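Mind assembling these two chains? They're in different frames, but the hints should get you there.
Letter by letter, the chains look like this.
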Amino acid sequence: MPNKKRRVTTMRYSYYNLVIKYLVEKGLDLEYVMPGKSTRNTEKIGDNLAPDYVCTPFKTMLGSEVEAIERGADTLVVPHGICRLGYFGEPSNNYFKEMGYEVDMVNLQEYYTGRNRDWLKLLRRLNPHYSKKSLAIAARDSYKMTTYLDEIVADYYRDAAFYKSRRNGEEVLEEFFSNMEGARDLDSINEAYQKAKVALSNLPQLGGQKRIRVDIVGEFYTAMDAFSNRNVEDKLVDLGLEVHRDMNMTNRMFRAKEEKLLPYISEYCTYTMGPTSTLNIYSTKKRCEEGFDGIIHIKGANCTPEIDLVPILRTVCNDYKVPFLTLTFDSQVSDTGLNTRLEAFFDMMEAKANRRERVKKI
Amino acid sequence: MKDAFLGVDIGSISTKGVIIDEDENILAKSYIWTEGDPLGATKRLLKNLEKDFDEDSYRVLGCGTTGSARRLVGSALSATVVKNEITAHAIGTSSIHPDVRTILEIGGQDSKIILMEDGIAVDYAMNTLCAAGTGAFLSSQAQRLGIPVEEMGALALQSENPSPIAARCTVFAESDLVHKLQVGHSKIDIIAGLCQAVAGNYLNNVAKGKKIREPIVFQGGVSKNQGVVKAFNDSLHTQVIVDENGHLMGALGVAILAKKTDARRQFNFNIQDISFKTREVTCGKCPNNCEIICVYRDDLLIDSWGNRCERGEISLKEKASSLA
Chain W
1 MPNKKRRVTT
11 MRYSYYNLVI
21 KYLVEKGLDL
31 EYVMPGKSTR
41 NTEKIGDNLA
51 PDYVCTPFKT
61 MLGSEVEAIE
71 RGADTLVVPH
81 GICRLGYFGE
91 PSNNYFKEMG
101 YEVDMVNLQE
111 YYTGRNRDWL
121 KLLRRLNPHY
131 SKKSLAIAAR
141 DSYKMTTYLD
151 EIVADYYRDA
161 AFYKSRRNGE
171 EVLEEFFSNM
181 EGARDLDSIN
191 EAYQKAKVAL
201 SNLPQLGGQK
211 RIRVDIVGEF
221 YTAMDAFSNR
231 NVEDKLVDLG
241 LEVHRDMNMT
251 NRMFRAKEEK
261 LLPYISEYCT
271 YTMGPTSTLN
281 IYSTKKRCEE
291 GFDGIIHIKG
301 ANCTPEIDLV
311 PILRTVCNDY
321 KVPFLTLTFD
331 SQVSDTGLNT
341 RLEAFFDMME
351 AKANRRERVK
361 KI
Chain Z
363 MKDAFLGVDI
373 GSISTKGVII
383 DEDENILAKS
393 YIWTEGDPLG
403 ATKRLLKNLE
413 KDFDEDSYRV
423 LGCGTTGSAR
433 RLVGSALSAT
443 VVKNEITAHA
453 IGTSSIHPDV
463 RTILEIGGQD
473 SKIILMEDGI
483 AVDYAMNTLC
493 AAGTGAFLSS
503 QAQRLGIPVE
513 EMGALALQSE
523 NPSPIAARCT
533 VFAESDLVHK
543 LQVGHSKIDI
553 IAGLCQAVAG
563 NYLNNVAKGK
573 KIREPIVFQG
583 GVSKNQGVVK
593 AFNDSLHTQV
603 IVDENGHLMG
613 ALGVAILAKK
623 TDARRQFNFN
633 IQDISFKTRE
643 VTCGKCPNNC
653 EIICVYRDDL
663 LIDSWGNRCE
673 RGEISLKEKA
683 SSLA
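Sequences listed follow chains W and Z, in order. Taking our numbering, the leading residue of the first sequence gets 1, the next gets one more, and so forth. Taking our numbering, the leading residue of the second sequence gets 363, the next gets one more, and so forth.
Because the hints were derived from the structure by calculation, they are not lab data. It is possible that part of the hints are untrue.
Derived pair list, reagent style DSS-like, types lysine-lysine, alpha-carbon separation capped at 30 Å [to be verified]:
#: 1; chain 1: Z; residue 1: Lys-570; chain 2: W; residue 2: Lys-352
#: 2; chain 1: W; residue 1: Lys-195; chain 2: W; residue 2: Lys-37
#: 3; chain 1: W; residue 1: Lys-164; chain 2: Z; residue 2: Lys-622
According to the in silico footprint, chain Z covers these stretches of chain W (three or more CB under 8 Å from chain Z) [unchecked claim]:
#: 4; region: 37-51
#: 5; region: 322-336
#: 6; region: 346-356
Examples of chain Z residues lying across from chain W (beta carbon under 8 Å, computed) [stated by the list, open to error]:
#: 7; residue: Glu-447
#: 8; residue: Ile-448
#: 9; residue: Thr-449
#: 10; residue: Asp-485
#: 11; residue: Cys-648
#: 12; residue: Arg-670
Remember, it's a predicted structure, so these values are computed and weren't measured experimentally. Where is the CB? At the ideal position from N, CA and C, for every residue including glycine.
Just chain Z, with the same shape it has in the complex (with noise of 0.2 Å):
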């Protein structure tokens, strides 16, 4: 019986999962949309991973999450590492590509760049307060434009002329979208102005004041796309590398460090028959009224948090009543 860990990525569009052996090789990997519910999306996830994945010569001995229901997922399947997205990342790109310098990432909700040096990560930034430029502009755009999202990469590379598009602000550049759809623009240019801008955007926030250095990765879902890839190309003047698992490197990063971190317990995937719950409790003791998640396994409270002071603090006492 050899070992293997699980990694969990949990985002706010897409949920990924990986397992890998101790080279690091993966054995089994999934990608699904997360749908609003992050407890189903991994139960589903488990699922597509128990068929690849061979039981009989390998048993899980440890399971990462991470993204942003990191916390939830991770009570919920009683992660032995719970660990934030920038770290994940720089640990799964680094460990496929050793010498990267630069990680440009674009997700669905958020975007980051994270420079590294040495194998570690030396400085990051990640987008504030405006998701403008993300996986979740590009889907709403390609949905007002009555094309799947998928396709828009190929079809931005059609694109001779791509037209400006004023992209510091999803709600501006969905004006300036009709705006230039009413006087004329062909849809591929629109498309391919549409990729233009979201490298641009990218490059003008969160990359704001980085030096971006060679090698340079690309990933998170929106680098599937090829026309932003071929926008990033042209704007930094040389080639990204986009890799075939790009999407899975946060997933990848976070079963690393389960591997790497002494916790080994067995997991086990009939996790997928139990019934998880959360229920939000408004705290009320003081006007603050903090938002307490409390998550229950087939109905026994196993975590709660959200509150900021003590007072809003879900007893042991209660958790050991709920148990007992």
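Chain W on its own, in the form it takes in the complex (with noise of 0.2 Å):
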């Protein structure tokens, strides 16, 4: 495709998109087709191509793929061929070829190779003609839109449901979506987040209650994205919790090093035992030490790292008395039977911190 720019396109992850977007257009030079929210009909194409003992977030993901396929795409990046030892990008690129779909598949997994030059080899496939600055430049700037993005939604959800008004605090965090996808330079989204970060803390709030808190750590897929967890943090906040997601994209993959994170939860892990273990642990004992009232673990189902993980987050959480939830998410997931299990979490807090009150007050 000389003369022509690729069409790229990836899976939909969270609101990680807006940032695969000004990477992709404005670092490689290329046009990037923004796949679509994640519905129903997604998950049914996954369910319908992928066996059915494939994790959940594998099928959501093939799912957006066809869908953004059919949005015009040429060039489809996979990212998460790692997972299943290195497996995973190859069955979806069959899926595509047999489905007839003539789409470039780049599995990212091919050039986890650990050197550079490979990742070179990547960056002349998409585009030969590639300027470095601009590419230096948009890692930069993308970087700091990961941290931005992050951290705005950590504050909403932190305070939203304590705002007088929760629909200017999403109206705050649409606009503020809005306003990263429309980012041209760094100072676009240096200004995008002054603007949101201002916003949000001026909203007024509610006062005076004790504030119950909640962490959310898991699988890297199902706990960051909405739909996948069916909105699970925006449940939280219904009830009336302080949501916190230790699991998220600038602390997984810009602030956990391993090396820092071991020696902390030595007492339960001496090694790596997946992608998120390590931050899940980590997080789960210090959210436990920093007296929070409840620690949730999400994942998909047939997640085989997660499901490792569990009994470790349990023991954690045993050890500090904090009550502790793992909900487990595929396609046949009801809400009710979901917030059958939220609502009684949270009964379960609130009882224990207003006993810790009470004992307090004696």
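See the structure below:
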């Protein structure tokens, strides 16, 4: 494709598609086809194509990739090929071929070799004439954008239950996302961030009540992707909780250094158990020590590393006497069942917190 | 005139109701099959409760609902409390057994374990994605064997050599059961094996990793099955407590909650004569196709839910216009 810009797409991934778009368009001078928001139809496509016992994120991502290709992309970048010991990208490629999609699938797994020249090969494959300078700038900006997105979203969910008008908070968030989507350079990224940061901190809040705090940890995709976890954060806000989510891109990709995290959790785990385990155990222990009222662990069905993780998180929470809930999501999860579990978990945390207050007074 | 409170627990298989007085004594109780019609079952339930209830000396001032149809029935009854069944069971059970540490509960389609400390729930688990080893499993196997599910327990106790049945999955259990029948195991041994399988499946799945401490209360519809009770006693090496009113704990718990909250609204039994209808609307404003449930009382829309975003909200205006 010498004279035509590639039209690149990826799977839907929470709000991080805004970053991918920026990186692809500004850094590589290619067009980015924004995948649509995931819906039940997305899940259905994945369910129909993929084997039943593959993990749920694979199905959802596959569905959103199919939808994205249908929006006119000619190149699909697959970043999650590293899962299942590097096999994850292979079957997707076959599905697309069988369905007759003429799409160039770029499986990043092939480039995770640890050698820099392989990354250069990838860049040249995507755009032989890419500018090193633009890419370096866009990479720096994308890093900033990611940390800002995570920070503003974290601010929102921390306070959302306590805003006098939740709708006002939602509006700030919506405007922030749309500003980030339109961002042209670092200045506009900074500006969008500053604006949202100030707007959120200026929102009037209800005062007085004791806040019940909960932290979300879990699997890379399902814990971060609101569609996949059935908007669990919003549901928790509805219940009146201060919601934190330690599992986000910033924490996992930029801040989590194994050699720093492992010593803190050495009593529970001495080696890396999977892509998110060290950070999850670290966050759980840290939040328990900070006196959080509950820890919720979120995973997609059939995610092996996360299944291994559950007993350890349970042990940590048991040691600190902090309520722990693990939630498994697949396309069959019913809202009623999820609400029942969350409500019961809330009641449990509330009863415990009230008792603590009473004991303190005595 | 003394105050009383109503609690209704609408499960997948059975619907339970109690009316309690201010001291949490049960004034009236009823237990019937839901038969796939939660609203109809609730009406029949109210009829039963009304019969035993002394309307001249008591008035019902609060009403709570729990169970999987809590929201639907809650809006039909204008409930003052709508509470999840886990909390309701914990509260109901600890009102009768204040020192309880572990609640084992096996119902029609769900099973749960609740760990208690000093009268509050500190941990719980509920079966996910699979209903193996619940009441629905036992009743389908009873049907296959041609015996009423109520008699299973007594029959199981007669067995001296229960046949091991693979119970991890209902479908596999069924093929294993057929196989055992074909090679000549007696029905009695198979029934006892099924009861053991239910207990074993429960302990290995829902209760996995939970510290089961005494006193243990076993409840839910399946607790009426003596065979399963024995299987739990054998595997836990202790005696589990089965209450005569064990199946009513959810209803009792939510009645107690109705008493404890401040909301008061006089409950009227004539609700039996009002017609309730539900309608499912597919939103269709995006490919998510949310299924929105609308509840009508005498053709007036009184509540709706199921939408994931505001586009599917049945607006207050629409509600108001349907009420006008």
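For this session: Could you check the structure against the hints above and give me the numbers of any it violates, in ascending order?
Result: none
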